Each structure stands twice: as C-alpha cells, then as structure tokens.
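In case you want the letters, here they are:
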Amino acid sequence: MSPRARGAWWLLGALLLAAGAASAEGPAKTVMVILDESTEHRPKHRDTPGDVEKTSLLHGELMVALIREGWSLVLPPPDAMTGDRRLARDVAKKAGAAVVISGRVRLHEHAPQDAEGKMPKLYPVTCVMELTAASTDDGTVRGSFDASFSMARSGDTPEVIAERGGVSLAKTAEHVIERARTDAWAELAPGLAAHLKSHAAPPSGAPGQ
Amino acid sequence: MPPTARVTRSASQALLAALLALPFAASAGPGPKTVALVIDEATEATVVAGLPPVPPRLSEEVATVLTRALMSGGWTVIVPPPSPPIVRALDARDLGRRANAAYVVFGRVRFTTHPGFTPDGSVESVSFPVTGVYELTVVNTTEGTVLGASTGTLAVARPGESPGEAVGRMNVSYERTVHGIVSRQRTAELTAPILKALDAPAPAPARKGAK
Chain G
97 MSPRARGAWW
107 LLGALLLAAG
117 AASAEGPAKT
127 VMVILDESTE
137 HRPKHRDTPG
147 DVEKTSLLHG
157 ELMVALIREG
167 WSLVLPPPDA
177 MTGDRRLARD
187 VAKKAGAAVV
197 ISGRVRLHEH
207 APQDAEGKMP
217 KLYPVTCVME
227 LTAASTDDGT
237 VRGSFDASFS
247 MARSGDTPEV
257 IAERGGVSLA
267 KTAEHVIERA
277 RTDAWAELAP
287 GLAAHLKSHA
297 APPSGAPGQ
Chain S
2 MPPTARVTRS
12 ASQALLAALL
22 ALPFAASAGP
32 GPKTVALVID
42 EATEATVVAG
52 LPPVPPRLSE
62 EVATVLTRAL
72 MSGGWTVIVP
82 PPSPPIVRAL
92 DARDLGRRAN
102 AAYVVFGRVR
112 FTTHPGFTPD
122 GSVESVSFPV
132 TGVYELTVVN
142 TTEGTVLGAS
152 TGTLAVARPG
162 ESPGEAVGRM
172 NVSYERTVHG
182 IVSRQRTAEL
192 TAPILKALDA
202 PAPAPARKGA
212 K
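If you're matching them up, the sequences are chains G and S in order. Following my numbering, the numbering of the first sequence begins with 97 at its first residue and continues without gaps. Following my numbering, the numbering of the second sequence begins with 2 at its first residue and continues without gaps.
Read the hints as simulated data drawn from the structure, not as lab findings. All of these numbers come straight from a predicted model, not from anything done at the bench. Relax, there's no trap hidden among the hints.
Some chain S residues close to chain G (C-beta under 7 Å, calculated; not the full set):
# : residue
1 : T77
2 : S174
3 : S184
For glycine and all other residues, C-beta sits at the position ideal for the given N, C-alpha and C.
Please model the entire structure based on the sequences and the hints provided.
Listed below in structure tokens is the structure:
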C-alpha cells in the first residue's frame, strides 16, 4: 500500500472515531421517569390522615419493570415533578437520559363503604393516569397511555371485590396500582423496544447486554 | 502508480465521501408524517371553601388523546422543546422547524371546574363537574400554511340530559371527569378534524395573478 493510500485509511479511521464521538449522546438504554403523582382523599373522610406515598408505588413498579428489561435509570432532580411532557423531556435530556417517561398519576381514596351496616366493609380506591414515553434527542413519542382504574373489573363477583377491597385503603391501592402498571407496561414496552432498534447498539458491558 | 494502489485509493476516496455525506443525510428535513404537538393549558376554578383543591394540568389529557390518535394513524409525534405559549401560526411554524416536524398541531384548552352539587341543587361536594373549551390549529411547517382548525366546548352532560342524569359520570374527581369527557365521550370529536386536516392532500399553489 502506498504511503498516500495508508494516509487516506488513517484519515478515514480518525473521521470514523470523530463521527462516533459526535453521535454518542449517551447510551440509548437510559431512562428517566418523572411523574406528577399524588393521592387525594374524597371529602367524606378528609379528616383521615393522607398517605401521599401510595402513588409512588406506580413509580416504583415502573422502575422495577425497566430494570428487569435492562434499562439504566437516571434519577430526576429532587424538585422535578412535572406532568408536562415538554419540560420532562428537557430535564431528562440535560441529565443524559435517552428516554423520558412522564405523566400524571392520581389516586383517589373514597369513603369506606358500609352499605346499611352490611359487612364486609369496602375501601374503594380509583386511579387516573396518563403516561408518555419519548426519546429525548429528537422528541419522538415512543408510547402513550391513558386510562382510569378502579378496584372492580367487569365480571368480578362480590366475593372477589370484597377480597380485593375489603382490607384497607392501602391494600386496595396496591391492587389498583398493580393493574395500572401491568396495562401501562404492555402499552409502553413495544415503543421502548422501537427506540432501541432505531438507535445504535449500546456498547458492550452496558446493562442488558 | 501500481493498479492495486489506484484501486485502494479510489475505494478510500469513495468511503471518505460517503462518510462526509452521512451527517447531512441524517439532518435532512423532517419525515413526511411527523407532527409536533403544542397544547397550551389552563385550568380555572370556581373556588368554594371546603372543596378539594383544583388539580393542575388537566389539558395534558387532551395532548395524550391526540398523541394516541395520531400514532394510530401512522404519524410520528414529536415532543418539542419547551417554549413560551404559541398563539400565532407563524410561531408554530418556526417551532415545528426547530423540532424537525413537518406539521404542528397547536392550540389551547381551558377547563373550568365547578362546585359539586346534588341533584336537588344544593352545593355539596358529591360531584366534580368540569366544562372546557378548546381551539386547535394544524400548520404545515414546510409551506408555512394553516391546514385546518377545530374549536369546541366540552361538558359532561349530553345534549338533552339534565345535570342530575350526568352526575354518575362525575362523582369521583375532577381528573376522572375530564378523563371521561376527553378519553371516552368526545375523543372522535377532538381528534377527527385534526386527522382530517393532516391527511388531506395539500392544496395546489395559487397561480400568480389569479384572483
């Protein structure tokens, strides 16, 4: 090989390295979850002490599902709690996450039902949520989820409802959140896979490899 | 120069040219079916002492419903970077170009929460009524033209229905009421005009001098 040809190959190699460095905006399999979440009591038992930690159950469930799939989690700044998808994308991008999952989760605890003194007593909890997963580099939405849940599902027998909602508000909330997480994950997972497919393979040694 | 060296040289030159062209190919214009969503929101409340606080960002529900409808229609939805509220089509066009989207859907949604009531008319927090108004506009960012617009009002009660009959659909929370209106009752009404405007063929450019 002539010196000029060898020089051209060296130049090519250097350019390849430079292009690789320029396109590396962080590993593709990093994600930040920013949820605007809260639990509200309905008026009839507003004097009941609130349990604001309940909605973080969903946050936790989502993070467990993501880790199980090999995603690296980037934690949001302490004051980042926004339902605004545009702000969430900005925060996640600055923190180096390739994907952001943002949205709102509201749990509502209702007055325990004890119709005409009949047992068992029920502790109803309902949930409204909307989630959006987006790539932070170009803002492409990878999945969107929007649903409301209650402790009862169509076709449930009174016995099943009593078992699910007859222990405590916390126990009912667990059932509702578990159902919300399952449905949300089923909706978001294909989009997250599409994000990975559209990006370069993560370097060897990265989580999930 | 020996033939092998000549071949190596031309191959490396071709590779170099392809490599140099890559960044430009990657940053070429937006895909034909990319749309950026910019929904400005506001929630107003008729405040009554003792009632639950009014939740913020109810209109995010509208953005989510539109996102799902657009994605089902084969569109790639872009979340643009934060910006001041968009009120002019020109600003939407510029934002769309910055976000690398071929189209922008922008607009405003205003939800107003009202004190709860019982069917006998007394003010009591057993229901969570919400009404809303919206206006949405579709802009082609390449041409800088407005393709369509949609405005309307949102309420729980159906035409001819009394508030007492509708109370069963607003007895959980303000969020649940909005979810019911936007995601169940009025989804098609909200999304159909937008999808129609986006999927309509672009009008032929006006001829010079035409009246």
